[in-house]
Every structure is written in C-alpha cells, then in structure tokens.
Amino acid sequence: MSAIDVFGYGIDLLAVLLLALGLKGLSKVRSARSANGLAALAMGLAVAGLLIQLQPSPTAWLWIALGTAGGGLLGLLTAQRVPMTAMPETVALFNGCGGMASLLVALAVALFDPGDSGLVERISIVISVFVGAITFSGSIVAMGKLQGWIGTPGWTQSSVRHAVNITLALASLVGGVFLAASPVSEAGPLWLLVLASTLLGIGVTLSIGGADMPVVISLLNSYSGVAAAAAGFVVGSQLLIVAGAMVGAAGLILTQVMCTAMNRSLLSVLFGGALGAGSSGGHVGGGGDEAGYSRIVSCSAEECAMALETAERVVFVPGYGLAVAQAQHALRELAKLLEANGSEVSYAIHPVAGRMPGHMNVLLAEADVPYEQLIEMDTINPEFPRTDVVIVLGANDVVNPDAKTDPSSPLYGMPVLEVDQARQVFVVKRSLGAGYAGIANALFELPQTAMVFGDAKAVLQQLCTELRSQGVGSKVAVAA
Amino acid sequence: MSAIDVFGYGIDLLAVLLLALGLKGLSKVRSARSANGLAALAMGLAVAGLLIQLQPSPTAWLWIALGTAGGGLLGLLTAQRVPMTAMPETVALFNGCGGMASLLVALAVALFDPGDSGLVERISIVISVFVGAITFSGSIVAMGKLQGWIGTPGWTQSSVRHAVNITLALASLVGGVFLAASPVSEAGPLWLLVLASTLLGIGVTLSIGGADMPVVISLLNSYSGVAAAAAGFVVGSQLLIVAGAMVGAAGLILTQVMCTAMNRSLLSVLFGGALGAGSSGGHVGGGGDEAGYSRIVSCSAEECAMALETAERVVFVPGYGLAVAQAQHALRELAKLLEANGSEVSYAIHPVAGRMPGHMNVLLAEADVPYEQLIEMDTINPEFPRTDVVIVLGANDVVNPDAKTDPSSPLYGMPVLEVDQARQVFVVKRSLGAGYAGIANALFELPQTAMVFGDAKAVLQQLCTELRSQGVGSKVAVAA
Amino acid sequence: MSSLDQALWVLLLGSLLGLELIGKVPPTLHTPLMSGANAISGITVLASITLIAEADGSPPLLLLGAVSLGFALFNVIGGFLVTDRMLAMFSRKKSGAGS
Amino acid sequence: MSSLDQALWVLLLGSLLGLELIGKVPPTLHTPLMSGANAISGITVLASITLIAEADGSPPLLLLGAVSLGFALFNVIGGFLVTDRMLAMFSRKKSGAGS
Ligand SMILES: NC(=O)c1ccc[n+]([C@@H]2O[C@H](COP(=O)([O-])OP(=O)(O)OC[C@H]3O[C@@H](n4cnc5c(N)ncnc54)[C@H](OP(=O)(O)O)[C@@H]3O)[C@@H](O)[C@H]2O)c1
Ligand SMILES: NC(=O)c1ccc[n+]([C@@H]2O[C@H](COP(=O)([O-])OP(=O)(O)OC[C@H]3O[C@@H](n4cnc5c(N)ncnc54)[C@H](OP(=O)(O)O)[C@@H]3O)[C@@H](O)[C@H]2O)c1
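Protein chains in written order, with our numbering: chain A, 535 to 1014; chain B, 535 to 1014; chain C, 4 to 102; chain D, 4 to 102.
No lab work stands behind these hints: they were computed from the structure.
Beta carbons are placed, not taken as given, at the ideal position from N, Cα and C, and that holds for glycine.
Take the hints with a grain of salt, since some may be wrong.
Dumping the calculated DSSO-like pairs for lysine-lysine here, alpha-carbon to alpha-carbon at most 27 Å [to be verified]: (1) C:K27 to A:K938; (2) B:K562 to C:K27; (3) B:K562 to A:K562; (4) D:K27 to B:K938; (5) A:K562 to C:K27; (6) D:K27 to C:K27; (7) A:K562 to D:K27; (8) D:K27 to B:K562.
Covered by chain B, according to a simulated footprint, are these stretches of chain D (three or more residues, beta-carbon under 8 Å) [claimed, not checked]: (9) 20 to 33; (10) 39 to 52; (11) 71 to 78.
Ranges between beta-carbon positions, derived for each pair [claimed, not checked]: (12) A:A992 to B:K938: 55 to 61 Å; (13) A:I700 to D:A91: 45 to 51 Å; (14) B:H696 to A:F541: 35 to 41 Å; (15) A:P949 to B:S799: 37 to 43 Å; (16) B:F805 to D:A91: 36 to 42 Å.
Assemble the whole structure, with the sequences as input and the hints as a guide.
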C-alpha cells in the first residue's frame, strides 16, 4: 500500500462515518439541517479521495469536468428554481437521474470494457441495469403523475396490468440470466434487459394513484441506493457498496414509516391500484358522494366574515385543497387582517394533511407564516374547546370525526384534528366531494358546522375583501 | 473458493446477522429472552461454521474437546448454582475469563507461532494482550470487591493511585511499542506488557467503590469486546472482528446509559474514587450523620404491625438494605399475611434501588413475588396519596424528597418515589445512617414518618409474629 | 473488483446499519429525509468517475462516463440543495416578519 | 491474516452498528443486557479454535489454545445460561403462586 492508498483509504472510512452521521441526524428536527451539510461534506470528501487515488489523466479530467459542469449546473438551477410545493416531483426527478447514472455505468462496462468479466461482475451488471432502469423510468412516471402530465390509464386499474407486469418481469429475468451466464457480453440479452426493466418500472408506477406517490418515490429512492451498491460491485468500490446499502436500507425503513403514517400498507400501495384518484371518490359503499348527506348548512363568505370579525380565537386547518388552490398567500393575508383586528390566530397541522409529509409546513412556511403559529395536532387538540371559529380549508379526512367514533370507517384509528369541539366550524371546499380516503365526513352535518362552497383561494380573497369593507383593514394602521 | 468455503462464509454472515438481532432484542423487555437464545444460536452457528471450514485434525479435535469439556461444564455449573443476588459478581467473573481467553490467544501466537509476523499482526497482538489483561484483572478485582473479599485500600483514595496508574500505563506503552516494533517477538517486552497491564487493571478498579461496580463491569465488558476484535485481527477472522466491535460499541453505550440512570458521569466513576463506600457517608457538609436530624419519631415493630392490620392499601418500598439483609422471603411472608387479611399489597420499584439495575426485580422475583405487584415508579407515584401505609425497607436515597425540592442536594433532579404523599410511612433501617449518596433524608423528619430501627429481615419477621399473634394468621384459612 | 467476500461483509453491515440509523422520524421530516437520502444515493458519482479515469482513452467509455457523471451529479447537487431549502423553512429561528 | 483494509471496514461498520443497536434500555434490563453482551464477547472461542486447528501439532500452541478455549467457553456458556435465568424471572407469564 502506498502512502496515497492509505490516505485515500482513510478518507473513505471517514466519508462512511460522516454519511452515517448525516443519515442519522436527518431524522431529528434539531439536527436535520446540519446533518444534510455533513452528508454533503462526506460526499465531497469521497469524491476528492477517489480523485487523489485514481490520479486521472488530462483527458479524463476533461471529461470529468464536462460531466460535472453539466450535471452540477443543472442541479443547482433546478434546486433553486423549483417551487416548494413541487418537492415530491423534484425528488422523483433527482432520484430517477441517480438510477440512470447507475444504469449507464453498468451499460458502459458491459458494452465497452475490454477486460474479461467474472460471474460476480456480470451479476452485478445485471442488478445494476435492472434496478437502475426501474428506478429511472418509475421515478419519471411518478414525477409525471404528480405534475398531472400523466393520468392513470384505465387498463392499469384492471387485472390486465398484473399480466403485463409479470410478463415484463419474466422478460427481464430471461435477459438477466442470459447476460449473467455468458462470459462474453452479448448485446441481445443486454438490450432485452434494459427495455423490459424500463417498461416494468413504468408499468408498476403507472397504476398507482397520485396520492400514494410519496411512498412510491421513497421506495424508488431505496432502489437507487441498491443500484448504487450494485454499481459499486461493478467498479469495485467498497465505499459505494457501503453507502448504497446504507441508503437502500434506510430508504426501506423510511418507506415503511411513511406508509404507517398514512394508514396504508406497502403492499396495498404497490398492488392495490389507485385509491381516491382525485374525484373518483366514494368507493366505500354508501358514503362519499354528495347524495349521502342529509343535513347540510351552507353559508356565504359574508356570513363567515362576520363570525370571524368577532372571534377572539381562530384556528385554520389547512389541507390538500389549500395546496391545490395555491391559497397559502391569501390565507396569510387573511390571518394578518384578523391579527390586526385583535384575534389570536393559529394553524392546526395534521401530520398527513396534504399529499406529502410535511406538506403543510412547507406550504405555509413559503407564505411566511411564523413557525410558532403552526401547532402540531397533539398540542392543539385540547385547545379546540376554547376556540371560537375553526376554518377548515380544503381539508377533509384529517378532520373526520368518524375516525374516532366509527369502527367501520376506513379511517378508524387514525388520530384526527378534533375541530368538532370548537364553537363554530366553517368548511371551505368546492363541493361535498370526498377527500383522499373517498368517504363521507360526519363533520359536515354537525349543527355547529357550515359549508362555504368555492375554491379555497377565491373564498379567502372574498373573506379579506369583506373584512376590509367592514373597516378591519383600516384598523391595521391604527393597531400598528 | 471451494464449496465448503462458500458455505462457511454464508454461515459467518448469518451469524453476524443473528448476533445483531440478538443484541437489539436484548434491549426490549418483550423480546429479551428469545433474543438471548438467538445470540446463543448465532454463537453455535459460528463455531460450527468455523469447524467445517477448518476441518481440524484428530489431535486438534481432542484438544478442542478438552477445552470445551472443561470450560463448558464449569460454565454450566456456575450458571446454575450462583444465587440471583450475586449476578454482578458472576458477570464480572465470566467477563474476566473472556478477557483471559483473548490474552492467551495473543500470547500463544506471540510466543510459539513460527510464521514471521507483519506490523499489523504485531499491533493486534499488543492490543489483544493489553486489553485482555486489563479486562481479566479488572474484572476479578471487581468481583472480589462485590463479594466483599477485597476492600478499598487507603492509598487508592489518595492521589498516589494516579501516580501508580500512570506509571503502569507508561510501562505497558513501552512494552507494547517495543513488541510491535521488533519483527521477531522478544519475550522481554511481552512479559513487561502482560505484567504492567494486569497491574493497571487492578490499580484502576481497586479505587472504585463497590456501588459503582456495575458501571465498571459494563465498561470492562465493552473492553472484552475490543479484546475479541483484536484477537480477530490476530487470527484473521472477519466474524470475530465484527462481533467484537459490535459488542465493544454496544457495551460502551450501555455503560453510558447506566451512568445516566445512576446520576453519575463515567469520568467521575473512573477517576473520582470510591463514593459512599458503605458507612463512610456524610461527605456533603452538614447532612448525613446522625446528629443532623432534629425531629425523629421511632416506633416498635408492634406499633407498626397494628397500623398494618387496619391498612387497606400497603406499599412496600424495597431498597439496598433489603438486599443486604437478604430479607426478600420474610417480606413475601409478611405480604401474604396482609393479603390474607384483606389488604391490597404492592411493591414500588425505583429504577436504581439497590446496587445494580433491576436489583429489586431480581430479588423479589426470587422470592416469588407476582410480577404484577411490582409497580414501576412512574405508575405508582400518583397512587401514594391514596395509600394507607408505606413501609420503606432499607431504602434511602430513592425516597429522599430533597431530590424534588432542594436544588442544592446532590440528588436534585433524580426522580424519586413520592412516599411522603402517603398517610403513614414506616422506615425500616438499622440506624439513621446515610445511603449511597451519603446525605441526610428529610423524609425521616416528616410528621407522618416513623422509624423502625433494626435489621430489615429481623423487623419483618417480628412483624409477621406480631400479626400472627393478633390472629391474622388464622384468618388465612378462613379467607382461602 | 475487490474480493467478493469482503464486499459481501460490507454489504451486510452497511444494510444493517442503514436499517438501524433511522428509527422514529417525525412526519414533518419525511420529505426532507427522503430528499437527503436521495442525494446520498447519488454517490454513484464515484462509479462514474472511476469509469472515466480508467477508460484508457476509449471514447465510448469516456462519453458514457461523463453522461452518467452528469446524471449522478445532478442528483447529488440538486438533492442536497433542495433538502437544505426545505430544512431552512423548518428552522425555528426564522423571523416572523410578513411577506 | 485477511487483508487489512477489509478488516478495518468491517471494524468501522461493526462498531457503528453496535452503537446504533442499543438505544433506550429500560433499567430493569441493564443487568441482563450486560450479561448477554458479555456472553457474546466470548466469541473469542473462534480464535481459540483457530489456534488449535492450525497448531500443526505444536504442544504449547495446543495447550494454550485448549486453555483459552476453556476460558472463552466458560464465558459463553455461563453467560448465556445466567442471562436466561435472569430473564426468566422477568417474564410476565410467571405464575403468581407462592413459594
Ligand atoms: N401528507 C401525506 O404525506 C399524504 C400522502 C398521501 C396521502 N395522504 C392522505 O391524504 C389525506 C389528507 O387529508 P386532507 O384533509 O389534507 O385532504 P383530503 O382528505 O384529501 O381532502 C381534500 C379536500 O380538499 C378539497 N379541495 C380540492 N381542491 C380544492 C380547492 N381548489 N379549493 C378548496 N377545496 C379543495 C376537496 O373537496 P372538493 O373536491 O369538494 O373541493 C377534498 O375533499 C389523508 O387521508 C392522508 O392519509 C397524505
Ligand atoms: N441500582 C443501581 O444500579 C445502582 C448502582 C449503583 C448505585 N446506585 C445508587 O444506590 C442508591 C440506591 O438507593 P436505595 O434507596 O436502594 O439504597 P441507599 O440509599 O443506598 O440506602 C440503603 C439503606 O439501607 C440501610 N440498610 C443497610 N443494611 C441494612 C439492613 N441489614 N437492614 C435494614 N436496612 C439496612 C442503610 O441504612 P442503615 O445503615 O441505617 O441501616 C441505608 O441507608 C441510589 O443512590 C442509586 O443511585 C444504584
């Protein structure tokens, strides 16, 4: 071992240590941000160590610079430009590219590396190609679905899809076995493998509803760790194997944790087809569609504004609909008016409100809502009895009282925001349509509840106008 | 790689997996027992795998059988015979033997293995000898102190010991460096290393008070993991390295956890000298010794028995003194009498009552106290206000109300059993002497408290006699 | 490549470590953690760089290596930055001043 | 011995894993956990067996190997059994019947 080898080796060990610390820190609120920096540092170290060990030729440096410039710049721009509300899509895109990188490395070695390859190396190539391709195509489809570019075709909801996916999986298997078995790499099986696994990634992801996408992305993220580990076997890098395995395993756990938080099982996400894909709703017998309700009181934004004007304590409950309507800034506007009017305003954050974990935190943070006003479910639930007005904004499942009382409800057991304890509840949504779980909401029929139908943003703007026209706006100057 | 190699290799991986699962499971009450079995299984697997790989000669088999028979039988007998109350000593003994094994392996290789050795191997030998010897001698001293065979010599409490220990550490260092530096192993440095590190283990452990021993044993346990890992480097076994590192690291964490539970810091345990070594007490100015109390009510066992006879709810608080007096069976006897008399009896278990974690659980379990009657601190604390009689048996620090109220107390911040909330408290102990922390206890002066002086076992037996003489014994038959 | 048995040990231990590292994660952190882990999985950059450095001037290897390096770095740089942006929003020290 | 760099990887990962495996331990389990971990550390049996098997008939190696095997096995067998005895006392299913 030369001195440089020893040095590079020490750097590798250090990098793994830092990566482990980073992953660990990322799972705690206090340390998350610095842990992210630590992981980035570890990555930089690993790259620097590798460059020192390999001592690339000038030509190699040129190509490295090219790749770095291209990927780095694009990454930088994307990360800065993308809106906070499009986070899941962005992560999916990044993730897909990681998978693509593993795929390309394996392809390059299989097609153009002259050295004769052992069985282990060929198996590694097969795994790298297979997992990399699935990760790539699956992530891109996930992104497309989240962005609304890709729908959920009818056939993916029937059992046809199982036939298609099984065929594709078998085709990948055949390609993989042939590729691994023959000492000289043949192009035929290789391309079969690439094609079949790419299509398999599409086939599996296409059938899953947009709302389950965060789970799928997390799972694909775990895959891209596996792909990296496989690429590590291909090029013979210990560090890559460890880091890949670590991320792969951690991703699996995270996927499991996310499923639990959403009251879903991983298997039902992967094989159950789309659930509550937008307006499909009402798949649970009886409930869900608008005819199911018997006693609904609806009111105008004007009436709602009057109640708000005199309320001392107001709690907003943001949900998926608020995100869809992009109404966070209008909400912040209204809250400022109310605060100027002397009301105490806070936001009740349910852990799975919206369509990705932490969705509401991100959304409201973007509108500059002070962090102290975002109250977690467990903290705010005991406060509802002394709350004058609750405004539910495009939320549905997370305020469904059946989750506490009705054992037959699919939501039963999920902790919810107990808004029914408040003196008055206004529910702002466009219709009596169901939410993600596709079931009716007993809250809408309670005597203290009134519906304010309309788009969340539009209603919020109307409320602001009403309040201002009643002179609340002018008080701002006085109060300030 | 031959088929046997692959097989043995797979077994090794499996063994590590099972060991990890075992360690993890051991830290949860539900799974602890099966996890212990799992770890034992893993160990068996590892040995079997190694034997298959090595294919020992008949002579080798003979010696293996000899060693197995000797060590195995002794282990079996010891494990079955040793009383539950002597657990810490027993663990210390086992641990010391593990260290001795690493030491012997390294010695054998250094002295008799003909092959020329590289730097790495020689360093491994040095570490293995050093850590193995410290583990061995330290554990044996720890055992001796816990059994009461070895006292705490005066010089170990002065700063002389630091001089002695530093000298010994330097001597070990010199021996180790010489041993590692010379390509042919020389006997001189080797024996210096063995001697100096053995003495160092003694020197460090001798100065530590018996009450801190569990922490020391846990630390030495961590060392024996390190010694095993070093032995793994010596004989070139991956599995040994992994398992040793795992146990070493886990032991370190456990040591830390134990320190926290006892309100001590690891450094003060190792370098602070003996604390509260038996009757030394009163190191905190003013408090502690008997003159410190102004208002003490003492009463006889007879009076105490009368209070018990009419009590509906009785809570026993066992402490270190109960263990010392070996009074658990007498306690169980009394409890049965009271239950027959219609009282509701339970035991309040403070997490650090006694001198080792779980001490009270083990002690009372040995006396066949039903598990359901052992109530953890957090559960029983709210119950004290509706308790008629509390009997504190040889406990002191764990019922000291100063821990809650007096910020200047060394116990301040430690959660205690709030027995002062009960209607009547009897404290059974031999004198007004202090407990482990060496401080006075405000509980003794409270108006609802009465002291019953005497040995815990004797007092309990007296109480039984009193109750029986008042006819409580005869009611047993009626109630049954 | 490095000897297989070494690699498998490392694979096993790395996986076990990964399983242990993440215990309880508060829901708020699901997305940032996912995003951060995703950035780490871009460690494939190492494979791409190795490929380029050991390409021996072979044009297809150099090209594929550079392209894969681009993809991987896009993942890494973008991933870490975007995670940081998200986490910055959660920081409690954020001033409460309006838009 | 196996190559150093492999061994160091394994050492690092094993240690990290050990640090993670034990998180919160209820005080009741401190002693059994200590005892169980101690039994596991008796894994040195592997070193003793290797020593004997590769002794090539050298008497001192065989003897030292057997003695160290004895010590290590004492640790292992005794450790696991005693841990089991302790844990048996904690089991909730234990009947409440008197002595
Ligand atoms: N957070 C996560 O990580 C995550 C991930 C996947 C799934 N989920 C699931 O998603 C659900 C989240 O609950 P939630 O209460 O936030 O949402 P929800 O139950 O899905 O309800 C959202 C409601 O918003 C309304 N809405 C839609 N567009 C709107 C607009 N432009 N203006 C006003 N209202 C609009 C819809 O009613 P109208 O159509 O009548 O307007 C709908 O009832 C939970 O069931 C959770 O398990 C969460
Ligand atoms: N559990 C652990 O793992 C552990 C480990 C190390 C240290 N510690 C520490 O140990 C302490 C435990 O508290 P504790 O309340 O159980 O015990 P303690 O505070 O040490 O008090 C024990 C009391 O028992 C009395 N006693 C001794 N022999 C007796 C006998 N034969 N009959 C009757 N009484 C007798 C002593 O008073 P007399 O002399 O007047 O009789 C003494 O005051 C805590 O401070 C804890 O931090 C615990």
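Hints and how they fare:
no. : hint                         : in the structure
1   : C:K27 to A:K938              : holds, 24 Å
2   : B:K562 to C:K27              : holds, 16 Å
3   : B:K562 to A:K562             : holds, 22 Å
4   : D:K27 to B:K938              : holds, 24 Å
5   : A:K562 to C:K27              : holds, 9 Å
6   : D:K27 to C:K27               : holds, 12 Å
7   : A:K562 to D:K27              : holds, 16 Å
8   : D:K27 to B:K562              : holds, 9 Å
9   : 20 to 33                     : holds (count 13)
10  : 39 to 52                     : holds (count 14)
11  : 71 to 78                     : holds (count 8)
12  : A:A992 to B:K938: 55 to 61 Å : holds, 57 Å
13  : A:I700 to D:A91: 45 to 51 Å  : holds, 49 Å
14  : B:H696 to A:F541: 35 to 41 Å : holds, 38 Å
15  : A:P949 to B:S799: 37 to 43 Å : holds, 39 Å
16  : B:F805 to D:A91: 36 to 42 Å  : holds, 38 Å
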